[in-house]
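Chains as they are written, first to last, in the working numbering: chain A, 1 to 375; chain B, 1 to 375.
These aren't lab readings, by the way, just hints derived from the structure by calculation.
This structure is a prediction, so every number in the text was calculated from the model and none was measured.
Which copy is meant is left open, so a pair is good if it fits within one copy or across any two.
Result set (BS3-like, lysine-lysine): computed pairs, CA atoms no more than 30 Å apart in a straight line: (1) 320 / 46; (2) 2 / 141; (3) 244 / 362; (4) 244 / 92; (5) 149 / 362; (6) 320 / 32; (7) 90 / 39; (8) 359 / 135; (9) 359 / 244; (10) 372 / 141; (11) 135 / 39; (12) 76 / 13.
2 protein chains.
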Amino acid sequence: MKVGKEYYRTIWKDENKPGVINIIDQRWLPHKFIIETLKSVDDVTKAIQEMHVRGAPLIGITAAYGLYISSIEGKKKGFNKKYIFDSAEKIKLTRPTAKNLFWALDEMLSSISGLDNIDEIIHTIRIKAKDMADKDVADCKSIGEHGFKIIEKLVKNKSRGIESYATTMNILTHCNAGWLATVDYGTALAPLYIARERGLKIHVWVDETRPRNQGAKLTAWELTENGIPNTVIVDNAGGHLMQKGMVDLVIVGSDRTTASGDVANKIGTYLKALSAYDNNIPFYAALPSSSIDWEIENGEDIPIEERNPDEVRYVNGLYKNEIVNVLIPPESSPALNYAFDITPARLVTGLITERGICKANKDSIAELFPDKIKK
Amino acid sequence: MKVGKEYYRTIWKDENKPGVINIIDQRWLPHKFIIETLKSVDDVTKAIQEMHVRGAPLIGITAAYGLYISSIEGKKKGFNKKYIFDSAEKIKLTRPTAKNLFWALDEMLSSISGLDNIDEIIHTIRIKAKDMADKDVADCKSIGEHGFKIIEKLVKNKSRGIESYATTMNILTHCNAGWLATVDYGTALAPLYIARERGLKIHVWVDETRPRNQGAKLTAWELTENGIPNTVIVDNAGGHLMQKGMVDLVIVGSDRTTASGDVANKIGTYLKALSAYDNNIPFYAALPSSSIDWEIENGEDIPIEERNPDEVRYVNGLYKNEIVNVLIPPESSPALNYAFDITPARLVTGLITERGICKANKDSIAELFPDKIKK
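Please put together the full structure from these sequences, using the hints given.
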């Protein structure tokens, strides 16, 4: 998507330097736009763990490119294929919740399972990582197309069929499930970009999304850079806006979705789902099927990451043109920092996937993905 | 309550200087403890509007003392009684939601309705303001006693009657409805202080309460100063903790309660009420009856204050021993800042008032306050 007048992906291989991957270091957005170069598996684990990159799909693709870096490193260090498998284990430890991380690494490893020559492995792994990145872009586009139909239908209802292109749709989103959370286009925001492209009037309520404020920092920034009007609100505000009829639709992403439609997503998603349900507002999760965990039926079985309490105690922002951390509670106060919560399927109107839209229940998901279901 | 080893109220008359009122300037807590002197009606309106003092009961008492200041000012300026009535009108414009502001000013004005001599007026108004402050303290103590019974009963259930004094009760609260929101003791936190005094084990989940972080800043501070263990969480986290069985009880304050039990309180309260309801966790609002609006039955009719969007865009905290504001979203991003929301009575387990506990419905409230009901 656009940054100023230029188009970017969030991650790309340096075409001139083998084993080098570029990312947008998202910790500095929106105040600074910094491109970081990843050259080692340590760079990759650090980038994922410390959230230079984040968002379930992008974590997956970064991990995939991480194995490409690992293959080059492995060759340099004179190691064999085992080095790549060890790197995968290391990368898997970075973040426990997003399914895509494990999926992407397993896909990568299985692509080289029959190979023994290191150059052949490097070649295969490079192609495979690029293919997965391109597939992520294509999936996000498809999610956008399917999600667009929901918006189009809702705007027709809202405008009672007349002048639907003059009626503004107010869409609330939590955290960042935009192009910055994927390779391009995004999941939850992809339908919005398409709607905008096709002339529908969209306005987005952006949950700031404490503790790390990915909404206020990333979603507000990417929407603005791509011409979609948006307003930042605190995470506390969405319920009130829904009560007042100021929200037409909620779309969020998903870090892991169970085979029966429970959605693990950024902490606070559950509260917005409850409120959407209480006010009869459609609530959709948009996700590539790579984030579906076919092994888990009950959302409570999804491991929830607990992060450093200082992410709660300190807030990061711009002060005198510098990015600094300010302390909020008393110095001695402890904090607790779960990164995700589970929205039960009963509160989810539907799932928007690359194959189409389904209800958040076992049968409907299985109908869309018969090939993924264990017989 | 205690600050370090000393006891304070949040507001008190300077005994040596007529027309001078002291307050704790709460904007600097928890990082700095600053006492401010209010000497004019302008000081008072500014202190309320810019939230040097906040919390419905304390806003009411500050307004009452404001009329005392006004009476002294009025005499100095050679004005008559009209000056005091004009001051009341001015103070009423500071904040629209908290009922106590209007209630306190009307009580004050009616106390001098039959008087014409300015010295008699000053005397009456001074006594009345002090009486109202003392009444607030007494009411909060009563709220504490009634609320304590709820905690005691719940802890007995939780511990199945055995060793209830060894079982920790996890109580979640939103914003600050502690002693800092009142003259002393608090509303939502008063039962906790009593529980602590009587040896029950209490642990509090403190919602940070964006945008102004009164939870992280004020609630965490006052609980810690008074020996109650507490943990700061982001506003997004409460739902997840409830799903995991980590919350036994929710108690919040109220800025205005309708005669049928709808509760206007800090924005985000509604989301916690939804989540408590969804997880079968008791949800109480604690309030002096001065915050009940006997004229309004439907919560939607309560005026909701909209504050400066910069309270959302900037976060205030400690950096290098200085209190500074950091910008979170892009410089150009708009924000919207409603200060309160309405929790419908159907989600409220009960109201804890100075007269006892009632259900959040018209009949139950009327039964407790038959004298307030219009025939």
